[in-house]
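Using the sequences and the hints given, assemble the complete structure.
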Amino acid sequence: MAAGGETRGRELPSRIGTFLGALALLRESPIAMMGAAILLFWVAMAVLAPLLPLADPNLPLEPLRPPLSVAADGSTTFWLGTDIKGRDVLSRLVWGAQRVLIWAGIATLAAYLVGVTMGLVAGYLGGWWDETLSFLANVLLSFPVMVLYIIVITRIGASPLNIVLAVTFASAPGIMRIVRGLVLDLKSRDYVAAARTRGERPVYIMLVELLPNARGPLIVDACLRLGYTTIALATLGFLGLGLPPPDPDWGAMIAETQPMGAFAGHAMIFPAIAISSLVLGFNLLADGLREISSRD
Amino acid sequence: MLMLAARRFGAMVLIMAVISLLLFVIFESDKLAVAGKVLGPYSSLEQRELWLEKEGYNRPFLVRYGEWVSNALRGDFGRSIRFKAPVSELLWPRLANTGILAGFVFLLMVPLSLTLGVLAGMREGSALDRLLSLLSVVTTSIPEFASAAVLVALFVFELGWLPGTSSMTGGFDWTQLVLPVGVLVLYDFGYVARMTRASMVEVMTSQYIRTAILKGLPRHRVILRHALRNALIAPFTVIMLQLNWLLSGVIVVEVFFAYKGFGALLYDAAMFGDIYLIEACTMVAVFVAVLSQFLSDVGYTMLNPRIRFDRAGA
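Chains A and B supply the protein sequences, listed in that same order.
Just so you know, we're using our numbering here: the first sequence kicks off at -10 and counts up by one.
Just so you know, we're using our numbering here: the second sequence kicks off at 1425 and counts up by one.
Simulated from the structure, these hints should not be mistaken for lab results.
Owing to the predicted nature of the structure, the values given are computational and were not obtained by experimental measurement.
Any given hint could be a false lead.
[Said to hold, decoys possible] Rough simulated footprint, nothing fancy, chain A against chain B, three-plus residues with beta-carbon under 8 Å:
hint: 1; segment: 1574 to 1583
hint: 2; segment: 1665 to 1677
hint: 3; segment: 1689 to 1698
[As the list claims (entries may be wrong)] Just a few of them, taken from the derived set where beta-carbon distance is under 8 Å, the chain B residues facing chain A:
hint: 4; residue: I1566
hint: 5; residue: F1569
hint: 6; residue: A1713
For every residue, glycine included, the Cβ atom is placed at its ideal position computed from N, Cα and C.
Next up, the structure:
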């Protein structure tokens, strides 16, 4: 990991800098293109949700209608059918995309803020800082992830903010380990020594000299982690520990349908496809970016 | 070697100790809440205080913690509030059930992912290699409960071939294991296959394999006798560490299929706030995770004597 960090750390971010540069970069890898296309689709759905001609996602209409059926009064078509409470599945999927993208983004960002800070401090300052933070990370990483989620959330309650907190607990140690490894590799570079000779403060060196040069692998990791967080949020939703109802949550949609699944298979399958495709988008993009950066 | 094992073992015990203290602080530092949970929401303050005095909760925190640890080490985790039975009686049968589930998963996943990984890694960039890469990205993108939902809709509701729940109320029934095992294998095999492939690719491009090929050994002999032995060291670690992930997946799958295993027990305990049961289940889960980490570290060193862990590598 640390050995590859040098080239990956330099090449990738310098070209992601501009939007056009990023597009040109993606064109080098069909896998990355595919991932970006899927993500773009879901982001578009999420952004356009209020503008699309969709039923209210929480409004009960006619229960258990199959896909493509027309409402009794002929006013609307249920393209993906309705769920056991008679709510439009398509509308719930689209609004659910908005919700999962927003909270997965916020949760991943929070985990990164904590993880990157811990990693920079542990890697650059070393010594007692490193020992303590690494031990803390080891303790958190000793929990099977889902056990950690379940304990934290049943203890503090399932609110959006608490879910962000739980994701931070679960993800920050992994991020810290990556950042720490990169920093250990980078901190012996001449430009760090130069900054130290200039008399720059450690905070400056960490944020201005080290962090930007560790961006490459972190961008790939962030894509993967957004995928994991999406899975985590949806799984928590399925377990009844996710974002609170009645607003749509892809995982909760499956859990709600399961007992009546024999009559509403579609209300289980479409959310499952939605989650999987979104995660696939993140994973393909991460794979493609990794491929591009290792080729440079 | 022995030194390394001892040091790793010490780290493992230390982590277990810290986590147990953490759990005890989280769940039992608020004594009145514990009493309220045990006696029910309608118990009066006097009843709760009486109970606390009787159960020895008014002794210092560390004394209580010490007693809890020494009892737990002897297999006594207290009584479950919800199931009204000793935790240990609940725990072991559930663990055995999960053992059966996990055993089948490993039995299928390990040969499958190793074979696919080795076949793909033998010829980097071949059609098979690219197909496997795509397949593993796709399967690892489908969370367990999502693939379970699709498979249940297909095989249970549409075709009627398999049962949709796996509670095994009428005795052991292997048809009830098909879907839970299938779901877990589907999610987990891709990662191990990818790691095996990466390891195989690295070995196949190494100097000694090139030498073996150039001196005219038949290809199958190069692969079977020279490459495999080194290519399978890294997957060993990955498979051991997979236990940690498997435990997470097991919870979801057991809840989905109502399988009476350890994961579902932990979930039920947490949802109900069954304090002593949560503590016991969490400690068991962490123990399994930490033990697999320990075995993977020590096993890796034993398999590959070139690798030594220095202090910074911890």
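Against the structure, the hints come out as follows:
Taking a C-beta to C-beta cut-off of 8 Å, the segment 1574 to 1583 of chain B contributes 6 residues in contact with chain A, enough for the three needed, and the coverage statement holds. Under the rule that three or more residues need a Cβ within less than 8 Å of chain A, the assignment of the segment 1665 to 1677 of chain B holds, with 7 such residues. Counting residues of the segment 1689 to 1698 of chain B whose C-beta lies closer than 8 Å to any C-beta of chain A gives 5; at least three are required, and the coverage claim holds. With its C-beta approaching chain A no nearer than about 4 Å, I1566/B sits inside the 8 Å limit, and its interface hint holds.
Using the Cβ-Cβ criterion of 8 Å, the hint placing F1569/B at the interface with chain A is satisfied: the shortest such distance is roughly 5 Å. At about 5 Å, the closest approach between the beta carbon of A1713/B and any beta carbon in chain A falls short of 8 Å, and the interface hint on this residue holds.
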